Amino acid sequence: MTSVAATRTASPRPGSLPRYDGRGLLGPGLATTYLGLIVLIPVAAVALRSVQGGLDGFVRAVSSPQAQAALLLTFVLALLVVAINAVAGTMIAWVLVRDDFPGKRFVNALIDLPFALPTIVAGLTLITLYGARSPFGVNIAYTQLGILVALLFVTLPFVVRSVQPVLLELDRDMEEAAASLGAGTPTILRRIVLPNLMPAILTGSALAFARAIGEFGSVVLISGNIPYKTEAASVYIISQIENDNTGGAAAVSVVLLAASLVMLALLDLVRRRSSRHDASV
Amino acid sequence: MTAQSLGQPAAAVTRLAIQEQRFGRVARYGVRGVALGYLAFLLVLPVAMVFIRTFERGLEPVLETLQTPAFRSAFVLTLTITLIAVPANTVFGIVAALVLVRRRFPGRALLNAVIDLPFALSPVIIGLSLILVYSNTTGWLGGVLNDLNIRVLFALPGMVLATIFVALPFVVREVMPVLREIGTDQEEAAYTLGASKWKTFWSITLPSIKWAVIYGVILTTARSLGEFGAVAVVSGKLAGKTETLTLHVEEQFLRLNLVGAYTASIVLALMAVAVLIGMELYQSGRFRRRPTASEADVAVEEKA
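Protein chains in written order, with my numbering: chain A, 1 to 281; chain B, 1001 to 1304.
Treat the hints as calculated values from the structure; they're not laboratory data. Just so you know, not all the hints are guaranteed correct.
As the list claims (entries may be wrong) - Derived DSS-like pairs: lysine-lysine, alpha-carbon spacing no greater than 30 Å straight-line:
| no. | chain 1 | residue 1 | chain 2 | residue 2 |
| --- | --- | --- | --- | --- |
| 1 | B | Lys1197 | B | Lys1210 |
| 2 | B | Lys1210 | A | Lys104 |
| 3 | B | Lys1210 | B | Lys1199 |
| 4 | B | Lys1237 | A | Lys229 |
As the list claims (entries may be wrong) - Facing chain A, from chain B, some residues (calculated, C-beta under 8 Å):
| no. | residue |
| --- | --- |
| 5 | Pro1046 |
| 6 | Gly1183 |
| 7 | Leu1270 |
What the hints assert, rightly or not - Covered by chain B, according to a simulated footprint, are these stretches of chain A (three or more residues, beta-carbon under 8 Å):
| no. | region |
| --- | --- |
| 8 | 41-47 |
| 9 | 69-81 |
| 10 | 141-150 |
| 11 | 164-176 |
| 12 | 198-204 |
| 13 | 221-228 |
Because the structure is a prediction, the values reported are computed rather than measured. Heads up, the beta-carbon is just placed ideally off N, CA and C, and yes, glycines get one too.
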């Protein structure tokens, strides 16, 4: 082996095939520059701005009562969103894969609607149905429940779309075996199906969490943005920008960014562990 | 589903099938009812309600709204931004995917990690980041921009930058897995047979990643048309000048011109539906036949 490798490197041209993949740095250079200019430098600016007044300034900005209220509300709602999505999303995926009913294809296409629909339109649709002129007589405009519903709307596809393909590929043999060994359906669901779906449910939930803590467009109309009551972190950030307090805005931004990065890192961990268990993927 | 269960050994099927049937009925209809009810109240009814409210007073107010200069300029601005942001991100996406899958270079891991960053960032933070860099008074590049007399914030460049930022990862993330799957055999063969690098790229690489690119472009377009938060921060929301369609929806709503807000929403929603149809067509194709590696083979055979 080593001798072959050695001859290749020793005599690169004669005998060895020309390589298609170039070795120049043009491609990597272009990609890195584009990403650096568009993403990295601006994000670095936020990080640096948040500590411009020293660590003290950062802590003071984050612990102002209004900022704390906004962050607390955002995180509590995001956790609720995760919990509800984990259950509802899995059920919807189940219905789409294992159930059969007229219009299933339409429902399946509908799942992506929140990804396709602009967030401000999502907010407007919700306030139309559940706002002051609601035909049902339910008015959740300017309440925390309103924000929750908006977040559920925009995060709907994450769990469904990550569970669906796993469920589709799930080997029925395992369930057959369990059934023939006398396991009842609830046992099969709990001991066979759910453990297999878990990584996908966690993946979808983590993405939903990251989305929920930063969501703005769908929330801004329905929340009414009342400080201490219905002001989400993203709305707080905008209000600070408008008050020329970019330092305060940057500090809260860094907290949000850190939270979603931690979540995505955990997600990566889960993915790696599950792909080690399941060599077929 | 049915095809799958037909293929199973008969004895095992009966056991599970009987059991599921017994357990079925109640549980099945229960789960179906909850899932569809959830979707109805969260998605279908709200969207249907917007359509009802829009056309409540007939078609005329809607048509009038479509004629207003404010709507027209918002529509044109949204299209302009999208037409710049989508090609930029498509070219970058293909180059970055090729580079990340095929090449080893210093900084590759960083590049790979940072590409997802826009998905982890609130659009509001993206807006803030652009203000901190491009503000004429306090931004990092403020001095330079003042000297050159360029306005980025509260003008088209800022809104384009914001849109490019938020929609950046889509094409890369769609193309990368496909590139990994197809490998380099075809390309090596073409290149060895004397095709130039460009020729190899155009006639081998690009056709085999075509669908992933198209899907990425669809997602990028949807995101660009609908972006609100990041653009709201950097645009200054000057009606008739820096007001995109999404900002127009908010402005009309806050000014209690509901017909205006609903009409613009419907236009955006119709674009979303078009996107949805594109996604559905793509996915139904993908779920039916997975392997893209063999697709490349077929494509080559067809050419030959």
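Hint check results:
1. B:Lys1197 to B:Lys1210: holds, 18 Å
2. B:Lys1210 to A:Lys104: holds, 28 Å
3. B:Lys1210 to B:Lys1199: Between Lys1210 (chain B) and Lys1199 (chain B) the Cα gap is close to 16 Å, so the pair holds against 30 Å.
4. B:Lys1237 to A:Lys229: Roughly 26 Å between the alpha carbons, so the hint for Lys1237 (chain B) and Lys229 (chain A) holds.
5. Pro1046: At 4 Å from the nearest chain A Cβ, Pro1046 (chain B) passes the 8 Å test, so the hint holds.
6. Gly1183: violated, 11 Å
7. Leu1270: violated, 11 Å
8. 41-47: holds (count 5)
9. 69-81: With 0 residues in contact (Cβ-Cβ under 8 Å with chain B), the coverage given for the region 69-81 of chain A is violated.
10. 141-150: violated (count 1)
11. 164-176: Check passed, 5 qualifying residues.
12. 198-204: violated (count 0)
13. 221-228: n = 1 at 8 Å, threshold three: violated.
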